[in-house]
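Residue numbers (the numbering used here), protein chains in the order written: chain A, 1 to 582; chain B, 1001 to 1231.
Since the hints were made in silico from the structure, they are not lab data. Remember, predicted model here, so these are calculated numbers, not experimental data. Please note: incorrect hints may appear among the correct ones.
[To be verified] What the simulated footprint calls covered on chain B by chain A, stretch by stretch (three residues with Cβ under 8 Å from a Cβ of chain A suffice, anywhere in the stretch; the number is not a length):
1. 1048–1057
2. 1085–1093
3. 1109–1117
4. 1120–1132
5. 1175–1184
For every residue, glycine included, the Cβ atom is placed at its ideal position computed from N, Cα and C.
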Amino acid sequence: MEMLSHDILIVGGGGAGLRAAIAVAETDPALNVAVVSKVYPMRSHTVSAEGGAAAVVRPDDSFEDHAYDTISGGDWLPDQDAVEAFVNEAPRELVQMEHWGCPWSREPDGSVAVRPFGGMKIERTWYASDKTGFHMLHTLFQTSLKYDPIQRYDEWFVTKLLVDDGRCQGVVAIELATGRIRGISAKAVIICTGGCGKVFPFTTNANIKNGDGMSLAYRAGVPLKDMEFIQYHPTGLPFTGILITEATRSEGGYLLNKDGYRYLQDYDLGTPQPQPVLRSMELGPRDRLSQAFVKEQEKGRTLKGPYGDYVNLDIRHLGEKVINSKIPFVRELCLKYENIDPVTDLIPVRPVVHYMMGGIHTDIHGATPMEGLFAAGEAACVSINGANRLGSNSLTELLVFGARVGRAAAEYASGRNGGGRAVAAQAADEEERIERQYRRGGSRSGGEKMADIRQRMHDAMESGAGIYRSAESLAQAAQEISTLQDRIQRLALDDSSQTFNTELVAAVELTYMLDVAETIIHSAIQRTESRGSHQRTDYPERDDDAYLTHSLALRQPGGAPAIEYQPVTITKWPPGERIYGR
Amino acid sequence: MQVTVEIYRQDAETGASRFDTFIREVDPKDRVLDVMMEIKDQDDGSIAFRKSCGHGVCGSDAMMINGINRLACQTLIQDLKGSLIRIEPLKGLKVLRDLIVDMDPFLASLQKVTPYFIPKTTAPVREQKQSIAERQIFDDTTKCIMCGACTSSCPSYWSNGEYLGPATFVKAHRFIFDSRDGGDAERIEALDDRDGLWRCHSIFNCTDACPRDIKITQAISELKRYIVARR
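Please work from the sequences and hints to get the whole structure.
Below is the structure:
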C-alpha cells in the first residue's frame, strides 16, 4: 500500500490535539505535523465544556493550595509529581490562551475574571461566559491555522495503530468522504481522542466520544490506567443528559430535594449558608454530590419525573441579571430543552456520566510505555485526576499536557527515521480486514443488529458499573460484555457505500466501546475498596494499604484484561481524610 | 405522538436523489436528531448525516428542516408545526451524500479574512487588559459555531459561490472589534472587495437562520460602516 507520511501524527483535533500540534510547530518548525480527526476540529467535545479552566492567578492563592485541592479531590490517587507540574504550568498556559485571543470574561479592572468551583479552596477558575470550552477550542483552532507545518485530515477515521519492532510508527485511517483506506506513517503518534462517555446510556458526552484512542492503544498492548474511575456530574438535565454547568452552583445555586431541603448538609458536606462557601455544600466535589443523590433517592426524597428521578437546582435567587451575564447558556438550554426559565423555575437535574479519570497510561510528558506512542487530554491518564477530577481542571489539563506531549513528541521525532515496509504490509492487512468485516458482508441476513448490542452494553454498564458497584453487579456486567464481544463479530449492516459510510464508522466505534467497557468493569472488579468515584457497596472503605495504587488493564488474547498495579507517586501530601464543609 | 419523517437521500455514486418516508412514534421533547438516530438504528442504517455534541454548540448538524436552516439537535419535535418533518441538506453547498454537504468551500472562505488573532502590541508577561465594555462589543460574534446555516441560506451566496458569505463576515467582525487585535489591514482588504461585504443586500436570511441568534446583518452593517469611516 502506498503510504502517506508525516513526522508527527496527532489523532484527535480537540483541545489537547490542537494544543499539541501548536507545541510541535513551535518546538521544531522543520517537523511536519498532521492532525487526523473523525470530525472537523471545532466539532470536538472540548466545545461542550462550560464552566472554566483552573489556574492560580490571585495573590492570595498558591500552587500548594491548587495541588492540595486536586489531590484531596482525587482521593489521594493523583500522582503528586504530575499535579505539581500541572499547577505550576497552568497559569502560563491560560495566559498563552489570552495572547492567542481567547475571549476570557473580565473583571472591572480589565484583568481576566475568575470564579469559584467545586472542591477548590479559592477562586481560580478562568472563564469565558459559560462557554469556556467552546471559546478555548475555537481559539486553538484559529491559532493552529497560523502554522504552515500543521496539516489536517478532517473527517478521517483511525482504525488501527501501526506497530513494528515495539515502536508505534503510524496509523491506518479511512477517508470518510471517499471510503479510501490509507496507511499514514509517522515517527511519533499522539492520541488525543478524548473519553468514552457513550459507553453509558446517560451522558453529557458528544456522540463522537467512543473511546477510540483508548481502544486503539489497548489493542496495541498499551495499558489503560484507572479505568474504574468514572465521573458522574451531579447536574444533568433528566431527558437529554445535557450538562448544567457547575458554575450555576459556584454563582450560588442550591440543590434541593423534594421537600425543598438542601440535602447535601446530611452528607458531611457542611452547613447551608445563603452565599456559596468554597469546598462546602454545593461546592463540594462531584463524586460526593452524585453519591449524595443516590442516597437521597434511596430515602425516597428525590422527585419522580417521566424521565427518571431527579432533584432541583435552584438559581432563582441569583436574579435575571446575574443569570444573563454569568450563565446565559444555562438559561438558554433550560428554555430550549426543558421549556423552563431558571429565572422563575427550578431546574430538574440528576447525575450523568461526564468524564473518564482513567485512560491511556502515560508519564508526565505524555509518553506511553510504547516507544513512539504518546497521549494527552481525557484519552490519557497522567494521572492528575486520580479517583475524582475537580471541575475546571480538565480544560487546563488539555493545555498543560497537550503542550507537554507536543514538545516531548517533537524531541523524540527529531532526527529519527519513519516507518518502514513492515508497517505498509500491516496497513494492507488492515484494509483487507475492514473490507471483509464491514463492507463485503453487505446486508447479511440473520446477523446481529448494532442497536441491540449497543442497548445491551448500555444496560450492562448502567446497572453494573454505575455510581455504586458490587462484585455481583460487576460480574453480571462482565458476563454480558463478554457475550456482546462475541455477538459483534456477526453484525448485519445496511450500508455498502464508500462515501460517508457512517454505519461502518459506528460499527467500529462500538467495538472500541466494548473494549473500553471491559477494562472499566474488570478494573472495578479487582479494586476491592471505595475511593472517590469508585464506590463498592461490598467494600465501603478506602484501603490505602492495598490500593494506594493505579490499576493497569492489559489486553489478553481473547478474553478479559489482566489487571496490574503501580504505586501512586507521593511527594508532599501523605494520604489523609477528605474534608469538606468543616 | 406520531410523526411522518421525510428524509432527503442522494446516492453518492450516481447522484440520484429521492425522499424516504418513515413513520415513527416520538416524544414531543425529542430532538429531530434523536428521531433521525432512531430511524437509522431501527429502519435504515445507511442514512448519512453528521452529528456530535447534540446540544447546539459543535455545529455539525445544520440542515434544512421544514424549509428552514437549523440544527437537528436544537430543533425539538414540539417546535415544529404539525406532524410532518421534512429534512433536506443545506442549500448552496454541494451534496456529497444524503444530508452531508461539502463544507470545504465554506471553510476556505473563512481563511480569506485571516481568521486568527493578531496581537496589537507585543504581549505582556501577563494577560492583556480588556474592559468589560470592550469585551462586550464583540461578544455576539464570538458565538459563531461555524455550522454554515447562515451562508447556505443567503441568496447572494447561492448565486455566486465566490462571495465570502455571512459566516466569514462574522469571523472578521469578531477580530476587528476585539480591542486587543491589530490585524485590520489584512482583513479589510478581503472584505472591501467585489466578492466581499458590498454584495450583502441585507436580506436578513442569515440572521433568521443563525442557531446561535447572532445579529449577523447588524454585524455586517457595523463592518461596512467601519470600513467606510477608515477610507
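Verification of the hints:
1. Coverage of the stretch 1048–1057 of chain B by chain A holds [criterion: at least 3 residues with CB-CB distance below 8 Å; count 10].
2. With 0 residues having a beta carbon nearer than 8 Å to a beta carbon of chain A, the stretch 1085–1093 of chain B misses the requirement of three or more and the stated coverage is violated.
3. Three residues within the 8 Å Cβ limit are the bar, and the stretch 1109–1117 of chain B against chain A gives 4, so the coverage statement holds.
4. Counting residues of the stretch 1120–1132 of chain B whose beta carbon lies closer than 8 Å to any beta carbon of chain A gives 9, which reaches the threshold of three, so the coverage claim holds.
5. Remark: the stretch 1175–1184 of chain B is confirmed as covered by chain A, as 4 of its residues place a Cβ nearer than 8 Å to a Cβ of that chain, reaching the required three.
Going down the numbered hints, you'll see the structure goes against just number 2.
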